[in-house]
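All chains, please: the whole structure from these sequences, using the hints.
Chain order of the listed sequences is A and B.
Position 104 (the first sequence) corresponds to 104 in the numbering used here; numbering is contiguous.
Position 193 (the second sequence) corresponds to 193 in the numbering used here; numbering is contiguous.
Hints are computed from structural coordinates only; laboratory data are not their basis.
Take the hints with a grain of salt, since some may be wrong.
Said to hold, decoys possible - Far from chain A, by Cβ distances over 10 Å, these chain B residues were calculated:
no., residue
1, A32
2, E36
3, H47
4, D62
5, Y67
6, R70
7, S91
8, T98
9, P168
To be verified - Pair ranges (Cβ atoms, derived):
no., chain 1, residue 1, chain 2, residue 2, range
10, A, T164, B, V166, 21 to 31 Å
11, B, V58, A, T164, 37 to 47 Å
12, A, Q167, B, A144, 16 to 26 Å
13, B, D28, A, D137, 14 to 24 Å
14, A, G138, B, E64, 39 to 49 Å
15, A, Q167, B, D28, 21 to 31 Å
16, B, G56, A, T164, 41 to 51 Å
17, B, D20, A, G138, 21 to 31 Å
18, B, L190, A, G160, 45 to 55 Å
19, A, A136, B, P63, 49 to 59 Å
20, B, D62, A, S159, 43 to 53 Å
21, A, G160, B, R119, 22 to 32 Å
As the list claims (entries may be wrong) - Partner residues aside, some chain A positions facing chain B, computed with beta carbon under 7 Å:
no., residue
22, I163
23, T164
24, V166
25, V201
26, S202
27, T203
28, V204
29, S205
30, G206
Glycine included, C-beta positions come from ideal geometry on N, C-alpha and C.
Chain by chain, the residues run as shown.
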Amino acid sequence: MNTPRTPEPRPIDPLLQQRLQQLGARPATGERPASRPTGRRAKPARAAKLSALALSAVSTVMLAGLFAQQADNVDSIELTTGTLADAVPAATTAATTATADATATTAVTATTTAEATAATTAATTAATTAAATQVADGAYVGVVDTNRWGNMQVQVVYSGGQITDVQIVQYPDGDNKSVRINSRALPTLISESISSQSADVSTVSGATYTSVSYRVSLQSAIDNAKAASGVTG
Amino acid sequence: MSVHHVEHVMGTTISIDLVDSHDRSLIDEVVAWLHEVDDVFSPYKEHSLISRIGRGEVAPTDPEVPYDVREVLQRCGELAEATDGAFDVWSQPAPNGTRFDPCGYVKGWSVQRAAHLIRSRGVVDFCINAGGDVALGGYDHDGAPWRVGVRHPFEPQSLAMVLHEVGPVAVATSGTYERGAHIVDPRTGLPSTQLASATVVGPDLADADAFATTLCVLGVDGLHWLAQQTGYSGCVITADGRLVTTDEFNRHRAA
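In structure tokens form, the structure reads like this:
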């Protein structure tokens, strides 16, 4: 789809402000009936083309208001060519990881990876010396699984024989690409970042529960918990 | 009194938090449902119905295809139309080697169903988090709005923002930050890289999840399309760190 050519809107430009007000008068929602299988919707890009400038710039103005000192950086909605150039390495990474990911699903149920197998062996050994019906309350850590981006380690918390929480003890931070993006990212977002430990949140959207290493470490944490409690199976 | 359960299913971790309930059997019912969905819909399982449909061994119209599966297929078809192909479960490289991978819809759909089930049992206040996609009912344990952190795409242990939500509502985040969770543009077959993440808030988790994925494909411009979807709002964080939101979305953000 074509990105609307935005003439580098400057929030302080009075002409732009006027234009925004005109465009902003157009209702953003509710005009078009919701899509149903019988009716073909107009192309999203085309449908939104005119209001595109309005919303982008309005959002930009809003952001500029929030982070006035960053206005020079946030007033463009165009992608930098640098970002687009990242597509090639990303494609390679994606293909590699997809393969690894497919393997990982098996890892959880069948524990085929080396680390998980080792943990299972430990669990079985321990289980032969004692027999219990449920895992004792407490926290149990899994193995540290190392992937190309760093270490991942998971801890499970049992209460009443059930897993009540899963916590990430170590998280990979050696991703060069992330670091590079990070250093290039706007201070607006960095200053916006909130420690998930200190923030009083009930839950997190966009969590990290899908990686191969997460599953490997989680499985071994569960195995360790059972081993420590003498639970079989 | 509350119940908190964590289940590993559908290749992710699903946590279920029931406020003011001690109904273990309800948890068992929800967990059984999620595993049933996994059995039928998993493209990782060679003999799942979805794998057989993907290989063309079973037609979607075949009488053996249950109503639930047809419902999912129909809605996926509607979404492909509505997004002009930006969300298309028939153009996704699937783990079973086919081009048919409805996971991007099924997870949200099954959790939304679980939320309906919980509510039908009289539990109003609850939180289900399925690998970062959240379905909420009512209020939290303190009777306050749920506080939903949105993961910071570049700092895994940090949050980009906090949303205040009163259920029933769903919050879905799709991102390219998690390796393996890359998003492929069905129209080109190439990974979409403009955005680091997209978050959508709305009444239905299945649609919110699909819309978040759609945003990742459409990029910043997708927000204009999202703003036309009644009841839904959202934000995107670009790969170079900019935050852009729909106007409505800012009402959800904590001050």
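Each hint tested on the structure:
no., hint, verdict
1, A32, "holds (15 Å)"
2, E36, "holds (16 Å)"
3, H47, "holds (15 Å)"
4, D62, "holds (20 Å)"
5, Y67, "holds (17 Å)"
6, R70, "holds (13 Å)"
7, S91, "holds (15 Å)"
8, T98, "holds (13 Å)"
9, P168, "holds (15 Å)"
10, A:T164 with B:V166: 21 to 31 Å, "holds (25 Å)"
11, B:V58 with A:T164: 37 to 47 Å, "holds (40 Å)"
12, A:Q167 with B:A144: 16 to 26 Å, "holds (23 Å)"
13, B:D28 with A:D137: 14 to 24 Å, "holds (20 Å)"
14, A:G138 with B:E64: 39 to 49 Å, "holds (47 Å)"
15, A:Q167 with B:D28: 21 to 31 Å, "holds (24 Å)"
16, B:G56 with A:T164: 41 to 51 Å, "holds (44 Å)"
17, B:D20 with A:G138: 21 to 31 Å, "holds (26 Å)"
18, B:L190 with A:G160: 45 to 55 Å, "holds (48 Å)"
19, A:A136 with B:P63: 49 to 59 Å, "holds (50 Å)"
20, B:D62 with A:S159: 43 to 53 Å, "holds (45 Å)"
21, A:G160 with B:R119: 22 to 32 Å, "holds (25 Å)"
22, I163, "holds (4 Å)"
23, T164, "holds (5 Å)"
24, V166, "holds (6 Å)"
25, V201, "holds (4 Å)"
26, S202, "holds (5 Å)"
27, T203, "holds (5 Å)"
28, V204, "holds (4 Å)"
29, S205, "holds (4 Å)"
30, G206, "holds (3 Å)"
This entry satisfies every hint, going by the numbered hints stated previously.
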